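Chains V and S are the protein sequences, given in the same order. The opening residue of the first sequence carries number 1 in this note's numbering; numbering runs sequentially from there. The opening residue of the second sequence carries number 1 in this note's numbering; numbering runs sequentially from there.
Keep in mind that the hints were calculated from the coordinates and are not lab data. Just so we're clear, the structure is a prediction, and the values are computed from it rather than from any experiment. Check each hint, because a few of them may be wrong.
In silico BS3-like links for lysine-lysine, alpha-carbon gap of 27 angstroms or less [to be verified]:
no.	chain 1	residue 1	chain 2	residue 2
1	S	K89	V	K95
2	S	K32	V	K95
3	S	K82	S	K138
4	S	K91	S	K32
5	S	K32	S	K76
6	S	K141	S	K89
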Amino acid sequence: MNKKGATLSFEMLMWIPRLVFLIIVIMATQGIILAYIATNVNVGSIESHVLMQRLQFSPEGIVNQDSITGRVYTGVVDLGKLNSHNLEASLEAEKSELAARFVLISLQAENELARSYINRETYEDWQPIAIFVGSSDVAGTGRKFPHPETRYVYSGEPSRLETVVITPNG
Amino acid sequence: MRKKRGQYANIELWFLLAAFLLGAVAGIDLLKDAKDRLDGTLFEKNFIARDLAMALEALYASPGDMAYTYDFGPYKFLVEVKDNEVLVKEKAAETSPVSYRVIGNSFSDQNYVSFDNPEGYKIRRPNMRMVSIIDEAKPVKLRLFKEFSDNGTSIVGVEAENAQTCLIGVNCADFGG
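For reference, chain S alone in the conformation it holds in the complex (with noise of 0.2 angstroms):
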């Protein structure tokens, strides 16, 4: 009977260790977590994946040829352009980049067809991904560029300084991705 009670008492302090450890395990995690979010570069990241995003929308929009030179200022950011979405990582290796969309469209795939143009407007859009930088102590910087050819097709592009660079889908597997 002795014997019994004293275990359960063991038990219950068993349950109370617990308890008292899952709440030491959510208190450092969350502290780590806000620690992480304030120090970091979260916050950096993610106004990168939108001004380049809304950079590519004003791109889109030109009616003539546009450069824009992107400077990623103190930030060694690696960039991936996508079909509709911009990531923003810190390393090749990050598994959940930050990323943003861009409204672009369709005309790759399916041409637009007017009165006034009856052969129809094709954009290519850009596809590049920024495999790593060449020199840490250099700035990165990204050439972002609208160009029209003579039959009304243009081509929005993305082209980086001082990164190696892969376009999606065509030689991207020879860096691993």
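Here chain V stands alone, though its shape is the one from the complex (with noise of 0.2 angstroms):
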């Protein structure tokens, strides 16, 4: 008698795993199908590269600039502009929104310039997921996006200016 009513108690406790893989069941289900209706589309690389022309060609811009004629002097860069403080003042982007690396090389001595950063603790963070987003084909919500772009620019002497713009998925 004892052993049938713990047998008929067993039988009901066990109906408290089946309706939680139950419901892992159905979610599992339900994100793979909608994993698969694609209704975001990542447009990071086109932003990333909107950014820079707007650093090039804008007067709020890393150019030089004509104070009296008001002249921007595209792909003349101003040193005094290039620096992590002027760039987040440039291009506002909240930490969890965009992070980007500025480097400036000279072509002939190959030495670094300058070298400044916008969001500089969230682009340190985000480098080795993009490094390996870059590396290989993972999926994920959590991937982050490195567009590098190579630029070659006037700083009082030839040089290019490196920058590589990290986005979020989204």
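Relying on the hints, combine the two individually framed chains into one complex.
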């Protein structure tokens, strides 16, 4: 009598993990189906390119501007403007939105003339993920995408501006 | 004893029924969600939010005055342009609009001073909300512009055509926002 009663209670208790597993299966199925319905398009590379154009063409960017005529000298970098403070003011991005590194290298001496960041801490946190994502075909919402770009500029001497913008997934 | 066994079987049946109900509700919800995503305008709203954000970022890049008319085509979406994001929704009361970041700049709050321009730049950013569409038969358009003044300050603005708008932080409270 006791044994039978105990068996029945055990069977009833077994319904709890059964229901839990059912919920897990339902959620997994839902996740798989919804993952294949793409409603988002990643525009990180275009966005990164537009932002670089902005720094190069806009008077609020990093290039020289004639104070009398207002003319912007595209491609002539003002070293006074190429610092993290001005870059962060020029591209005011939240820490979760974008991070970037700018390295200005002399073409002749091959030495580094300037190095600055937008959201440096975020950049250093995201860089390993971005390198991994860039070198493999991984999926997931936590992905970070690197967008490297090199521009040839003049900063008192011929130089190249190497930028890496990292954007989150979304 | 017989009564007890029946009682247990009854409880087990209820559990089974609950499991079937749970599965059915989740299944119907999944199908409904998938249908909404495919039939609805989520993709279009996502596209417009990104496209508009890119257009605004391109405007920020402009070295001179610039104006651009953005046509929504057949879609009658309500757009809100805030400091650092674009929100797109179908109805004013929609609580979860689609949004995308706009990388603005903080010159409006903090002057950028350089050797060339000791007075500094100032950019006023757009803060606009579309409240309602005036004529459903006509297309909705946005005019995005950047205008410089003589002292180096500039305005990046958004104006709507065929839609009633309000300025966030100024008069949106009059429209319940």
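Results for each hint:
1. About 26 angstroms separates the Cα atoms of K89 (chain S) and K95 (chain V), which keeps this hinted pair within 27 angstroms; it holds.
2. The suggested pairing of K32 (chain S) with K95 (chain V) is violated, with an alpha-carbon distance near 36 angstroms, which exceeds 27 angstroms.
3. With a CA separation close to 25 angstroms, the supplied pair K82 (chain S) and K138 (chain S) stays within the 27 angstroms bound.
4. About 20 angstroms separates the Cα atoms of K91 (chain S) and K32 (chain S), which keeps this hinted pair within 27 angstroms; it holds.
5. The hinted pair formed by K32 (chain S) and K76 (chain S) meets the criterion: a straight-line CA distance of about 23 angstroms does not exceed 27 angstroms.
6. Straight-line distance between C-alpha atoms of K141 (chain S) and K89 (chain S) comes to about 15 angstroms, which keeps the hinted pair within the 27 angstroms bound.
Checked against the numbered hints given earlier, the structure breaks only hint 2 and satisfies all the rest.
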